[in-house]
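Q: Sequence:
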Amino acid sequence: MKEPSKGKLEVLDEKRVNIQVNEELFILPQNGGMKDVCVTERLSPEKAAGCSQMPELRYSLGYNQQKNALCVVFLEIIYETTTGDQNNGCDCYILGSLVSKSGTTEAQTVLKKKQPHVVWEDALLFPVKEEELPEGTLTLTLRNCDKFSRHSIVGEVKPRLANVGEPYGTVQSEKMKALDKEPDAGYGEVLLSVSYLPAANRLLVVLIKAKNLHSKQLKELLGKDISVKVTLKHQALKLKKKQTKRAKHKINPVWNEMIMFEVPHDLLCASSVELEMLSQDGDGQNHLLGKCSLGLHATGTEKSHWEEMLRNPRKQIAMWHQLHM
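So the sequence shown is residues 5 to 329, counted in my numbering.
Any given hint could be a false lead.
[What the hints assert, rightly or not] Below are the DSSO-like pairs computed for lysine-lysine, each with C-alpha atoms no more than 27 Å apart in a straight line:
hint	residue 1	residue 2
1	215	249
2	319	249
3	245	215
4	307	295
5	319	215
6	244	213
7	295	244
8	181	117
9	242	307
10	319	213
11	245	319
12	307	245
13	295	252
14	233	179
15	213	245
16	105	307
17	319	237
18	242	319
19	307	246
20	242	295
21	213	242
22	162	116
23	237	249
24	307	162
25	228	249
26	244	228
27	246	295
28	116	133
29	179	117
30	213	249
31	105	133
32	181	105
33	228	213
Please keep in mind that the hints were generated in silico from the structure rather than gathered at the bench. This one's a predicted model, so the numbers in the text were calculated from it and none came from an experiment.
All chains should be modelled from the sequences, with the hints used to inform the complete structure.
A: This is the structure in structure tokens:
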């Protein structure tokens with residue numbers, strides 16, 4: 005069969021992007037045209053309280069000497085009730101995060117259809133030195149994923165790692181806990197999506213909106229315009245800078261603006277994107293309110309967001325990121 009020309013693929017990719025970006029706030033599809041947007045959100049304490057009872061998590065911990073890794077196996081989720089908030093058509097998975105002296109590592113299970121009893125056969129592996137385990141912190145988070153690829157955090161458990169040995173211990177059972185409160189937003193948070201179009205060698209960054217920008221600098225922000233400067237970097241070298249339009253300051257400003265960079269596929273893994281939230285005073289001077297950086301060099305959600313983009317070409321992946329200085 006004749007292979008489609010690169011030009012046609014670029015046109016198709018651009019049409020696809022225009023359809024997706026044109027939707028108000030991107031997150032709530034009105035007509036089913038936004039199926040590839042993936043947004044990770046956290047259930048508020050009030051919303052979590054209104055859902056069905058928190059499920060029970062069963063698991064067993066052990067240390068694998070051959071792989072020098074903490075292992076979590078026999079993962080099961082059990083809901084006490086079968087009525088109400090079972091979200092037909094919804095998938096679920098468990099994301100694990102281990103924080104130790106060596107840094108942060110993450111692992112997650114495969115997606116499974118949400119039902120009263122879910123069992124995962126796969127194990128979660130977290131490379132870590134055995135002597136670092138007692139001081140480490142493991143968090144197992146249950147997440148839902150609906151048909152629009154919106155991910156919501158249901159609850160979490162934090163197993164104790166003090167007595168983890170080589171053989172697996174008994175299976176432990178623990179009620180998941182809703183997150184007590186929203187994390188301290190610090191300098192605020194920004195919601196953005198990233199996607200990569202291989203046929204066109206284009207990296208697309210869509211700045212959607214921000215929230216809680218007033219939390220640290222309320223007085224300084226009042227009446228000022230807010231914009232986002234986006235810098236494409238290759239390793240430590242800054243290649244290109246682009247800036248969004250200025251939004252009149254609100255507590256939660258909205259841009260819904262796409263920024264495009266041309267990045268060869270073989271340079272993508274070594275590239276990164278830095279975002280700076282800027283306010284402009286009456287003299288036209290920009291003041292930094294906070295920043296974040298997406299790439300494989302980063303940690304936490306800033307790294308996992310980039311990894312998710314690399315695993316899913318042509319798909320828009322959206323996440324909230326906390327801003328820092």
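Q: Hint by hint, say whether it matches the structure.
A: Evaluation of the provided hints:
no., hint, result
1, 215 to 249, "17 Å, holds"
2, 319 to 249, "24 Å, holds"
3, 245 to 215, "23 Å, holds"
4, 307 to 295, "14 Å, holds"
5, 319 to 215, "24 Å, holds"
6, 244 to 213, "22 Å, holds"
7, 295 to 244, "17 Å, holds"
8, 181 to 117, "21 Å, holds"
9, 242 to 307, "19 Å, holds"
10, 319 to 213, "19 Å, holds"
11, 245 to 319, "23 Å, holds"
12, 307 to 245, "21 Å, holds"
13, 295 to 252, "19 Å, holds"
14, 233 to 179, "43 Å, violated"
15, 213 to 245, "19 Å, holds"
16, 105 to 307, "18 Å, holds"
17, 319 to 237, "21 Å, holds"
18, 242 to 319, "25 Å, holds"
19, 307 to 246, "21 Å, holds"
20, 242 to 295, "15 Å, holds"
21, 213 to 242, "25 Å, holds"
22, 162 to 116, "22 Å, holds"
23, 237 to 249, "21 Å, holds"
24, 307 to 162, "22 Å, holds"
25, 228 to 249, "13 Å, holds"
26, 244 to 228, "26 Å, holds"
27, 246 to 295, "15 Å, holds"
28, 116 to 133, "31 Å, violated"
29, 179 to 117, "20 Å, holds"
30, 213 to 249, "12 Å, holds"
31, 105 to 133, "9 Å, holds"
32, 181 to 105, "26 Å, holds"
33, 228 to 213, "16 Å, holds"
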